[in-house]
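Colleague: The residues making up each chain are set out below.
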Amino acid sequence: MKTPEVAIELYILLSAILFIMGVMGVLLRRNAILVFMSVELMLNASNLALVAFSRQWANGDGHLIVFFVITVAAAEVAVGLALIVAIFRTKKSIDIDALHLFKD
Amino acid sequence: MTFSTDAQASVIAILPEILMVVLAVAVLVLDVFWRVRERVEIGYVAGFGLLGIAALVWLIGTPQQSGELSDQLVLGGMIRHDDLAQIFRVMVIVAGGLSCLITMGMDRLRVRGDFYALVIISVIGASLTAAASDLIMIFLALETLSITLYLLAGYLRNDDKSTEAGLKYFMFGAFASAFTLYGLSLVYGFTGETNIYRLGRVVSTGGLNDPAVVIALGLVMVGFAFKISAVPFHFWTPDVYEGAPTPITALLSTASKAASLGLLLRFLLAVFPPPDLLPAALDGVKDYSVLWVELAAVLAVVSMSLGNVLALVQTNIKRLLAYSTIAHAGYVLVGVAAISTDKSGDGAAAVAFYMFMYVLTNILAFAVVILFADATGSNEIRDLAGLSRRSPWLALAMTLALLSLAGIPPAAGFVGKFLLFRAAIDSGLVWLALVGMINVIIGLYYYLVIVKVMYMDLPQDEAPIPVSLAHVWALSISSAGVVLFGTVLVSPLLDWATDAAHALYVML
Numbered sequence: 003m004k005t006p007e008v009a010i011e012l013y014i015l016l017s018a019i020l021f022i023m024g025v026m027g028v029l030l031r032r033n034a035i036l037v038f039m040s041v042e043l044m045l046n047a048s049n050l051a052l053v054a055f056s057r058q059w060a061n062g063d064g065h066l067i068v069f070f071v072i073t074v075a076a077a078e079v080a081v082g083l084a085l086i087v088a089i090f091r092t093k094k095s096i097d098i099d100a101l102h103l104f105k106d
Numbered sequence: 064m065t066f067s068t069d070a071q072a073s074v075i076a077i078l079p080e081i082l083m084v085v086l087a088v089a090v091l092v093l094d095v096f097w098r099v100r101e102r103v104e105i106g107y108v109a110g111f112g113l114l115g116i117a118a119l120v121w122l123i124g125t126p127q128q129s130g131e132l133s134d135q136l137v138l139g140g141m142i143r144h145d146d147l148a149q150i151f152r153v154m155v156i157v158a159g160g161l162s163c164l165i166t167m168g169m170d171r172l173r174v175r176g177d178f179y180a181l182v183i184i185s186v187i188g189a190s191l192t193a194a195a196s197d198l199i200m201i202f203l204a205l206e207t208l209s210i211t212l213y214l215l216a217g218y219l220r221n222d223d224k225s226t227e228a229g230l231k232y233f234m235f236g237a238f239a240s241a242f243t244l245y246g247l248s249l250v251y252g253f254t255g256e257t258n259i260y261r262l263g264r265v266v267s268t269g270g271l272n273d274p275a276v277v278i279a280l281g282l283v284m285v286g287f288a289f290k291i292s293a294v295p296f297h298f299w300t301p302d303v304y305e306g307a308p309t310p311i312t313a314l315l316s317t318a319s320k321a322a323s324l325g326l327l328l329r330f331l332l333a334v335f336p337p338p339d340l341l342p343a344a345l346d347g348v349k350d351y352s353v354l355w356v357e358l359a360a361v362l363a364v365v366s367m368s369l370g371n372v373l374a375l376v377q378t379n380i381k382r383l384l385a386y387s388t389i390a391h392a393g394y395v396l397v398g399v400a401a402i403s404t405d406k407s408g409d410g411a412a413a414v415a416f417y418m419f420m421y422v423l424t425n426i427l428a429f430a431v432v433i434l435f436a437d438a439t440g441s442n443e444i445r446d447l448a449g450l451s452r453r454s455p456w457l458a459l460a461m462t463l464a465l466l467s468l469a470g471i472p473p474a475a476g477f478v479g480k481f482l483l484f485r486a487a488i489d490s491g492l493v494w495l496a497l498v499g500m501i502n503v504i505i506g507l508y509y510y511l512v513i514v515k516v517m518y519m520d521l522p523q524d525e526a527p528i529p530v531s532l533a534h535v536w537a538l539s540i541s542s543a544g545v546v547l548f549g550t551v552l553v554s555p556l557l558d559w560a561t562d563a564a565h566a567l568y569v570m571l
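Protein chains in written order, with the numbering used here: chain X, 3 to 106; chain F, 64 to 571.
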């Protein structure tokens, strides 16, 4: 049985949609965890694009980048959650509108 | 284009990073085995360790005298070992070493070995950023630099402002690097290559879709603009600079910025080269360099103007220096805009020279700010009143830093600004140089107001400010640098910067 071919454009379109959803999430959400999840969505949109491009060019470089992106994203999660916990301890809230110690 | 397979050259190319990993581990081990009484000296190990590595980098230079690109691209093309990488590496490692020394003035941080280890790791990231020549390495190095800096900015967990600064920096930073990554993935997608020199050829000659290239360039530039805090991606700067521990503010404004600028120069010229850098035989060459020259010029104008105007109304010295950083990002971008049309390398040399002196100047300014804040508990400019009577040497050091930032001789900042504006004029961007000069005049006002407060106003408290030995080292090294590179050592440093700039144009 032959696997149906999916055009590269569709993958890129999907990744662009995911990326824009991530951007909107960061800009519109006020909860630090949700903002953070939206950033992860943006990174995964890039991963999807990279994997699709990698298949199109028939070389492994794109896959290689994806491995690094996944690792870096994991490190970022560790640091980000630690910072969110530190904020929660002092403010009892992770609403990013509550971050207003600085004045202009 | 082939990559060097010489194992010895590969090891030498990443020798500074190898040594810094060893240093970071050594600091962590000492942190465990030393008792608190001995541990107060741990900053010397980290600080002088890094300064020693910087000296070594300077001594090694670039072993390949042939200057061929294929000899300089080592480790499968991940790293380019050339003069540009070396000069920016020296800058970031010196910045890291001096930041470690000025950390020793803060009692809360002085005994924390893990703090110094994190600083060293972020310097490793910065140093690799300056040498990276592959999309994978670019992403990895930038993230090593950023993730450690998020941690360091929020390091003082019991300090509300520090945790808030850490979280803000993290949120904006992660957002910006996601943009860069998407841009890099598009660049890979258009070309199928990850080495920036290989893919630059394809970008120019591959007959790509113009809007797609513009989108990729724009996305990548978001991340760069964030890292060098250029307007409109500057809004995190004042808050993070104010809240982060001051040695980290110093590191953020120097190492992180210098490394990103080094990479920016390399990335723009390699991936979107002006057509005359490519071999004449190629057909259908498209010129995308016009795009980023215009983009850099626009970013330069808005960063300079907005940074300077907002700095005028600041009352907190850390916030004022944050806005001054934004303005300086604008000045440097003037040089970046000049690198495409002027192939003599003056623009890139000016950027390298300017960043070198900027690193020393900013560390000097923040070293004084730390001492002052530690002694008085205040970062307000009005509390600096009468500093010349309390601690004349500190007031002199701060004055030197401010004169250098303002661009007044004999401090090094004058030469740096002169070179940048001359490069802009040589490459036909006279209007940009004019806008820059007007901004320098605006900047004079707020820098000199601080000098006036320090020398003319009367102090509320006459007690001199205590200065630790580590601080004396940091202050003397950075102020000696600022004075010497502005006077007798101008030409050696400028020669090195010019060599670095020439390496930038070797692309075949």
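Worth flagging that the hints you see were computed from the coordinates, not collected in a lab. Be a bit skeptical, because a hint or two may be false.
[Unchecked claim] To give an idea of the chain X side of the interface with chain F (calculated C-beta under 8 Å), a few residues:
1. Glu11
2. Val41
3. Gly62
4. Gly82
5. Phe104
[Stated by the list, open to error] Rough simulated footprint, nothing fancy, chain F against chain X, three-plus residues with beta-carbon under 8 Å:
6. 23-34
7. 72-79
8. 84-90
Quick reminder that beta carbons are idealized off the backbone N, C-alpha and C, glycines included.
Colleague: Sort out which numbered hints this structure fails and list those numbers smallest first.
Modeller: 1 and 3
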